[in-house]
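Q: Using the sequences and the accompanying hints, generate a full structural model.
Take a look at the letters that make up each chain.
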Amino acid sequence: MKVLLVEDNPELSLWLANLLREQGFGVDAVPDGDAADLLLREHAYDVVLLDLNLPGGASGKHVLRRLRERRDAVPVLILTASASLDQKVQCLEIGADDYLVKPVEIRELVARIQALVRRQLPGKTNIIECGDLHYDLRTRQFALQGAELALPPRERSLLEALVLKLGQTVSKTALQSSIFGLDEDSSADAVELYVHRLRKKLEASQATLITLRGVGYILRTRDEA
Amino acid sequence: MTAKPPGLRVRLLVWLLLPMSLFVAICCGLSWRNAASVADYVQDHDLLSSAEVVSDRLIWEGNDIAAAIPPSALSLFASPARDQVFLSVTAADGRLLAGTPDFPLPARRPAGAARASWYDSSYKGMALRVVLTQRSMYELGDTEVVTIAVAKTTRSRDAMLLKLWWPSVQYLLLALVLAAVLATLALTWELRPVMRLSRQLRGHDPLHLDAELDAAGLHRELRPVADTLNAFAAQLRAHSQAQRRFIADAAHQLRTPLAMQASQIEFARYARAHRKDADWANRRADMDAMWHELQQSNRRLVAVTNKLLLLAQAEQHDLAQANEPVDLRATALKVLEQFAALADRRAIDLGLDAADDPLVVPAQPALLDALIANLLENALRYTPEGGRVTLGLARPPGAAELLVDDNGPGIAPALREQVFERFVRAAPGTEGTGLGLSIVREAARACGAAVTLEDNPCDGRGLRVRVRFPLPDAAAS
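Protein chains in written order, with our numbering: chain A, 1 to 225; chain B, 1 to 477.
If you're looking for bench data, these hints aren't it; they were derived computationally from the structure.
There's no promise every hint is true.
When the alpha-carbon atoms are kept at most 35 Å apart in a straight line, the in silico DSBU-like pairs for lysine-lysine are as follows [stated by the list, open to error]:
no., chain 1, residue 1, chain 2, residue 2
1, A, 124, A, 201
2, B, 334, A, 165
3, A, 172, B, 334
4, B, 334, A, 201
A: If you want it as structure tokens, here you go:
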């Protein structure tokens, strides 16, 4: 699950990013609004954590407003030190999905991120099912035919990105950015490698990972004969 | 029921004869006037001559004037019409010198300047024409102005008028009758093709579409009417034939799976009635197989029915239902996703070859979906396992193109037109309804696009289907 953290305080940013990574999230962190805007135009994130007071041209509200003007529906959680009622109301009005006042409890933050992701899913359930492959949004674990499916972190991130868009095509670049952070070297070949490995692990499953040449990958149940 | 309006021939005749009759009537009136003026002139001239004869006979007898008018003078006036003649000779003081005592003289006598004047009058109920002349008589310095009036009944004048007028009336009436006869004949002759057309149409059963009007003998103005009616009938005939064939084919297509289902159900009931409980394991296996087959034939039935409905929908596309801008790329991607699992099962490499930008074409979204889905379904069905199907989007000048390439067996050029026909299948052994390409063609037509079949240029074998959406040049720039 890919999170964009927009926070100008480097220490807080680092601390939050590390905590979230420990919880299994893929985190990209940027310190200002313009960089956030740029990233949001190029990449698909599952959740955006947005500080309101940002240095430079674009404030958090600016970033949010532009995002919604582009009809991008990615869930946005406002992270701020200001607890004023007006501020909260205004942010929710211009398109924020949730509002959290610093300092934050990491458990609450994770629960809220998961709630935001869950809200995007059809059925709004915690368990996503693709045949006999199950994904639990709370534990962020996969299970195959009832038994836990242990996956290395990158494979898990990749499968997670696919399961969150179950039945839809996810482009190779989106998968690439879901398994690699901004600061890591990445390659499209790596995506193919991980897809290949995942396919092997899902061979016996009802779920299948289909390549649509020129478009991307789809996770869905196998077609019955 | 309202009264039928009179036929074209009668109306034309009426409109022709009405002005002609009016013309004849005016001519009769004018010739009456001519004849009357001639008769009047002759009568007046006669009267004046009589008056002059009378005037010449006036003589002085002593101190008085005597009019010695011999009977021969009066016989001058005798006419075959037996007109009566009256005479009056009066002195200036009004004394009657000779003639009829109560002769209708005018109240005021005309001045002496005019030698003669004429007027109409009546005497004892008889219409008279009168001439009035004056003569001055001189005798030993005595001067007397004598007024001579001669009147005559108008019988001979009227007879002459009639004699002059009647022949021209006769000619005119004859001409009118002749014209009426000729016009009737000409109209009957000329309207024959129209009458024939009308008979052909009237004698025709509207439920039968074999109408064929003979346009050869028709006037230039009427030929388009017959041609249009013929074209219309031909089109209706083609439609109805297509519909009849379609219904027959559809019935056949539906009957096969239905018959299969019926026998499957029959078998299940038989098995249930006759197998013993000990056969449970066998029975169960049979039942499972039966359910599976029942489901298969049911699926085929649903597929055929859906396609028939889709085809009907695509065919009956309402022109009022205008095309709207649709993103061809997004639609193609959506349909590709639907077919991803099928391609995966058959190990077919399914792909999209298109730029990332949207490609907007005018189309009806539901029909565009159906078009792409049927093309992909065909491509996936006829491509062998491990094959390759590519959906491509291209943007040549003035158009947007959807290309579906497969590396299946392809379709021989000779068959490429036929396969668009309903229920015609290039490979009869395979499963399929034979409706896919018909739907594709109708859906494309509804969206204003054209479908062509070509050889697949990429893989060396297989088929390329090209759907070309014409775009206005403004959108191209």
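Q: Each hint should be assessed against the structure and marked as holding or not.
A: Structure-based check of all given hints:
1. A:124 - A:201: holds, 27 Å
2. B:334 - A:165: holds, 14 Å
3. A:172 - B:334: holds, 17 Å
4. B:334 - A:201: Given that 35 Å is the threshold and the Cα spacing comes to 27 Å, the pair holds.
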